[in-house]
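Asker: Spelled out from the first residue to the last, the chains are:
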Amino acid sequence: MREGRPASFYWLAAFFGLFVLFLYGPMIAIFVLSFQGPTGGMTFPMNGVSLHWFGKLWSGGGIVDIKSAFWRSLQLGLMVMLITMVFSVLAGLAFRKRFKGQNLLFYVTIASLIVPSIVTSLGIALQFRLFDEAVKAYAPGFIAESYTTAMGIFTSGLGAHLTWALPFGLLIMFAIFNRFDGRLEEAARDLGATPWQTFRHVILPVILPSLIGVGLFGFTLSWDEIARSSQAIGEKNTLPLELQALTSTVTTPEIYALGTVTTGVSFLVIGLALAAILSLRARQARRGSDAGKGMV
Amino acid sequence: MPATKTAYAPPAWLQALPFAGVFALFFVVPLLFVVMVSFWDYNDYSIIPSFTTRSYVETFEGCYDQLPELCTILKTYLSTVKFCLIVWAITLVIGFTIAYFLAFHVQSVTMQMTLALVCTIPFWTSNVIRMISWVPLLGRNGLVNSALMNAGLINQPIEWLLFSQFSVVLAFVHLFTFFMVIPIFNSMARIDKRLLEAAYDAGASGWQTLWNVVIPLAKPGIVIGSIFVVTIVMGDFITVGVMGGQQIASAGKIIETRLNALQFPPAAANAVILLAITLLIITALNRFVDIRKEL
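Chain order of the listed sequences is A and B.
Mapping of the first sequence onto UniProt numbering: residues 1 to 296, in sequence order.
Mapping of the second sequence onto UniProt numbering: residues 1 to 295, in sequence order.
I should point out that these hints are in silico values taken from the structure, not numbers from a laboratory.
Quantities reported herein were computed from a predicted structural model and do not represent experimental measurements.
Just so you know, even glycine gets a beta-carbon here, dropped at the ideal spot from N, CA and C.
Don't take every hint at face value.
Stated by the list, open to error - Coverage of chain A stretches by chain B, computed from C-beta distances (three or more under 8 angstroms per stretch; other residues unrestricted):
id, stretch
1, 50 to 59
2, 137 to 150
3, 241 to 249
As the list claims (entries may be wrong) - According to the in silico footprint, chain A covers these stretches of chain B (three or more CB under 8 angstroms from chain A):
id, stretch
4, 127 to 138
5, 250 to 256
Given these sequences and hints, build the entire structure.
Answerer: Laid out in structure tokens, this is it:
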């Protein structure tokens, strides 16, 4: 390339800097403000520094049950994470071969990203509503009497979240398998490994770090999801939904404290995942090659 | 020999089955229900399974009589599309510039990845939190207003900073520029740098190189990013709600309002209309690039 840095570099670097400030500035503001003193309000200047609003959050003082919403969201997120990992790997393996309906499945998956979330959410809500009415009308009496609804966090809610997380999972799997060296499998096969052994001892160890990335994506997509949850989750809300409801009613830094906590959880999960990925990479580097070890 | 090699492997369709099942059960069938219910009748208590176009007729009620005045529904859609175009244009310019800087001006790959990650991290934080994080900055007593007042530039707080069209657009840009940066960066990273040198050696100016080499090659990323931003903004009701102070109408909000009133058929009819318009925009974008080929 040309010698030295052109003037445009400095303009673009400055632009990038401003963009990063724009991204982080407001978030830092609420992070700082969540440590307001007991008499502090929702704006600067700070009125003392304390953990008051976190304490209030934990004791559930006054506003809706944040603690159970928190656990619900966490459970749902972990469930979405697990299913996304398993189903995406299977589908990723399937897409390396040919099967009937392959293109259809691909376009349906992409369509799930493109169709506005509220439409998907409404569809799932209608589906469960009609199902409930059918059960009440046609099921035998002993079921119909006590039956209320099949809607819930782990039925309709889980399904709604999966339609959002799985497409990303599949796209990442495409990227992973694009880079995957097929000769490793061939070698395993030539040595007489069964498909399961090939998968367990060759494919899985190689893709595992990226697979954790898929899980991480699945978790955070679920953890922050609102639009798809809004109609499809049933009676009990997830944390982001509670948070959204709170934006119009709560006028104390408590909501910032909640924001800081959920952001903290996101970062904790990313940190754990990155640590896992790095340690797996290190393990691969350590044990991946027996070059120079000889036979002795 | 090949036959026995794959003898124990599960067939591909079986591996894809759980994945396909989720989309059949929670996406395809629900969409069919939306279309079906949009043609059903309803009363105050329930939905009635009998064919009618009532929901569509009522949605566009009076639209013809009021011409050339626009009826509420058309105004709402027009305003939604307007938001969509504004946000799309801003995120495209910012996203392209950022991606360009990362791909062509940052030399080491490690640095590129680090900076791209820096842009990605806020994406892992709840959207609602990122929305309310503007409150202490833009509110009546927020940082911006106090700073301007202290500087003596204004005498009273600017009201339109928060809960306005301005704050809605700002929040959209804040939340979703990420969806532009990453695909465009991805496309640009694949461009062979020698092409740029060739353009330079052939005497092209910076702008000519940008227009004739970089943009055409980055097109897939631009289209994918655009599709994301367009669909999100078209269907959004949360950002518009929170940042617009529940005062601004949008296509998504019509559906939400209908749902809150438990009027499922009109909600479904509006969902069908929204879907049709969104798909129309996507199809237009898709004419420029084959997504499947680019993945």
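Asker: All hints are to be evaluated individually against the structure, with a verdict given for each.
Answerer: Now for the hints, and whether the structure bears them out:
With a cut-off of 8 angstroms between beta carbons, the stretch 50 to 59 of chain A has 0 residues touching chain B; three or more are needed, and the interface restraint is violated. A count of 0 residues in the stretch 137 to 150 of chain A with a Cβ less than 8 angstroms from any Cβ of chain B is obtained; the coverage claim is therefore unmet, three being the minimum. Beta-carbon proximity to chain B at under 8 angstroms applies to 4 residues in the stretch 241 to 249 of chain A; the threshold of 3 is reached and the given coverage holds. Coverage of the stretch 127 to 138 of chain B by chain A holds. Counting CB-CB distances below 8 angstroms, 11 residues qualify, and the rule asks for three or more.
Only residues whose C-beta sits within less than 8 angstroms of a C-beta in chain A count toward coverage, and the stretch 250 to 256 of chain B has 3 of them, enough to reach three; the restraint holds.
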